[in-house]
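Asker: Sequence:
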Amino acid sequence: MASIKEVAVAAGVSVSTVSRALNGYTDVREDTRKKIMDIAQELGYRPSQSARNLSSKRKENVAILISGLGSNSPVDEFTGNVLKGLNSYIQGKNMIIAMYGISSKMQANQKLSEFCREYSLSGVILAGLKLGDPYIEEIKHTDIPCVGIDIKLEGKMGASILTNDIEAFREITNYAIEKGFSQLVLVKGKNEASVTHERYAGFKEALRDKGISQKEVDVLECRFDENLAYKKVKSYIEKYKKNKGRTFVCMSDLMAVAAAKAIEDLGYSVSKDFIVTGFDGIQLLNYIRPRIATIDQNIVKKGYEGMRLLMKIIKGEDIPRTIYVKHRLIEGE
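Quick note: the sequence shown uses our numbering, first residue 357, plus one each step.
Because the hints were derived from the structure by calculation, they are not lab data. Hints are supplied without guarantee of correctness; some may be wrong.
[Unchecked claim] With a straight-line Cα cutoff of 25 Å, these simulated PhoX-like cross-link-like pairs (lysine-lysine) come out:
1. K467 x K449
2. K546 x K560
3. K496 x K486
4. K617 x K546
5. K467 x K512
6. K449 x K461
7. K590 x K535
8. K595 x K546
9. K508 x K671
10. K496 x K560
11. K486 x K508
12. K546 x K512
13. K449 x K486
14. K590 x K600
[Claimed, not checked] Label pairs and their in silico Cβ distance ranges:
15. N450 x L622: 53 to 59 Å
16. K496 x E673: 46 to 52 Å
17. R647 x Y596: 49 to 55 Å
Backbone N, C-alpha and C define an ideal beta-carbon position, used for all residues, glycine too.
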């Protein structure tokens, strides 16, 4: 007897689509459903009793795919909090969630649809995707439910959980200008990340709010890498050591911590000699004094809402495909 994977391959669809078609989900087109049922009958596929029981209980096998993991990119607090949010949603539910590390190269070598068939996934949450990654384009045309964390996904089965990064970074930059020194230094993320572009747009809006020219701002390209941020901030201060009184506006909390460390290692004081602001709201900032101002993204809620949204898409519910999680400014000392 054929397996559900063999039916999916023969029909050219995902395992989740076969499952939804055979179990009467309304989000499967009628022609696709008929094709799947014909192939299932032709191959002699019959769901086992255990599979029917699991289906009746709405058991779903889903995964989070995280891009950018590697020996130089440990699972940081941001990723950990996303996972915490996912886990809080599935507690008490008949669900399985797996985590896989992916890369741009892997995406080029294996389509998302093939990946999901291989691991029998009903849907996926994606985090860490870069602009131009192959999966972003594939998701526009896929029949696999997908939710992006901090990346805008398009297509009938794509959805997104976002922070209003433009407004949030505008807010933290305005705060930095009002509380800090007039000379700004932007500690920037990687250009392949969509959040970098959004936050940079918010930064420029804040400059316009305050009548500051972009030519007056120095930019350190640090790619969301705290080690690189430490080196560049330290080198920058050493170069301009006669000019204290600068504000380092960082696109992540980890880069802000690195900037503060560089300042202190050179014998200067954060808040007196230099100002540092972050972005994310990680718990580590609670143990640093003076406290660094930041934007709390409510990362755990992003994970929770991502899983909630994914399950609604899998069930074929008609819901908003973009959800903005509310942020808040946490002032520094």
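Asker: Now look at each hint and say whether the structure bears it out.
Answerer: To see whether the hints hold, each was checked on the structure:
no., hint, result
1, K467 x K449, "violated (29 Å)"
2, K546 x K560, "holds (17 Å)"
3, K496 x K486, "holds (15 Å)"
4, K617 x K546, "holds (21 Å)"
5, K467 x K512, "holds (18 Å)"
6, K449 x K461, "violated (34 Å)"
7, K590 x K535, "holds (22 Å)"
8, K595 x K546, "holds (23 Å)"
9, K508 x K671, "holds (21 Å)"
10, K496 x K560, "violated (30 Å)"
11, K486 x K508, "holds (11 Å)"
12, K546 x K512, "violated (29 Å)"
13, K449 x K486, "violated (32 Å)"
14, K590 x K600, "holds (13 Å)"
15, N450 x L622: 53 to 59 Å, "holds (55 Å)"
16, K496 x E673: 46 to 52 Å, "violated (21 Å)"
17, R647 x Y596: 49 to 55 Å, "violated (25 Å)"
Checked against the numbered hints given earlier, the structure breaks hints 1, 6, 10, 12, 13, 16 and 17 and satisfies all the rest.
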